[in-house]
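2 protein chains.
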Amino acid sequence: MRRGLVIVNTGNGKGKSTAAFGTLFRAWGRGFRVCVIQFIKAETGNWGEIRAARKLEIEWHTFGDGFTWLSKDIAKTAEKARHAWTFAQEKISSGKFDLIVLDEMTYAFHKNWIDINDVIAWLKTHKPPKLHVIITGRAAPPELIEYADLVTEMREIKHPYTRGIKAQPGIEF
Amino acid sequence: MRRGLVIVNTGNGKGKSTAAFGTLFRAWGRGFRVCVIQFIKAETGNWGEIRAARKLEIEWHTFGDGFTWLSKDIAKTAEKARHAWTFAQEKISSGKFDLIVLDEMTYAFHKNWIDINDVIAWLKTHKPPKLHVIITGRAAPPELIEYADLVTEMREIKHPYTRGIKAQPGIEF
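If you read the protein sequences in the order shown, they are chains A and B. Take this note's numbering: the final residue in the first sequence is number 1216, and no numbers are missing along the way. Take this note's numbering: the final residue in the second sequence is number 1216, and no numbers are missing along the way.
Please note that a few of the clues may not be correct.
Because identical chains cannot be distinguished in the list, a pair is counted as satisfied if it fits within a single copy or across any two copies.
Simulated crosslink set (DSS-like; lysine-lysine; CA at most 27 Å straight-line) [what the hints assert, rightly or not]:
no.: 1; residue 1: K1134; residue 2: K1173
no.: 2; residue 1: K1098; residue 2: K1119
no.: 3; residue 1: K1098; residue 2: K1139
no.: 4; residue 1: K1139; residue 2: K1170
no.: 5; residue 1: K1139; residue 2: K1119
no.: 6; residue 1: K1173; residue 2: K1154
no.: 7; residue 1: K1134; residue 2: K1209
no.: 8; residue 1: K1167; residue 2: K1134
It should be emphasised that the hints constitute simulated quantities derived from the structure, not laboratory data.
Full structure from sequences and hints, please.
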């Protein structure tokens, strides 16, 4: 029987969102109904993964205003994150999906824009049993790790920035 | 200017191959020419990622005979790995690709089926400067980490097996 997993990709290294998109690719290959909700990425972005999703008609929603730590209007950024979670709740409880990615959601916990205990309590009662959910972002809160079925830490061992190499399109974004 | 990165996804956790497939998804979204060569996965596999690749007409080659550590004929398994590397060399030097994934290649180094120093020396002289290469697998050799531009370790923090939950199609394969 299929058991919907709660998966967390965390840590300071690359590959947290990327592995979630790899799972999406795999799930899409099996005909799963998939959806991505991004808490940080700006609506105006035209990243490689968004272009791919558009080509494949995968549901992909961006709610951030770019890199929130550069935000000049924190109240507005916080409101966007809360709106993303309300939107995610609709998608999760709709029963229309097999896999939903909540990308870079952990930032909203750290900034106290969304309460982790409220999220877990809601998921326990509203997440359809067969639905897989992936949550990504640095420093996942202990409550989330406790609740999740599968947790991976992506650790940076070596980064090209330290060699003076800029981020590469198609690879890092 | 584009700089072809050598990327290594290693560690004992999930997400090494999956993050490589996520990068593939992103690169494909940008219209990159991509190719996957798998050193372990059996030719007969019908995994989610292979189904996705088939739908998208992405070049995807499997050279393994399943889980090599269960192999009954090690000489044949070793020969398959060496054949995969010869095949990869052709693809790498062809100039026809922007991104090539060498999936689960590190096993071949550990088993001494392929010499890591030979591989690095060959890549240094034959890899087109703009080509990105991703090598995945547990316990990447130090020589490979030294040579690579970007190295991430995927660490297992929590695994569903420990809760008695079986591997889930579309998520883990």
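Find the hints from earlier in the document that the structure breaks and name them by number, from lowest to highest. 2, 5 and 6
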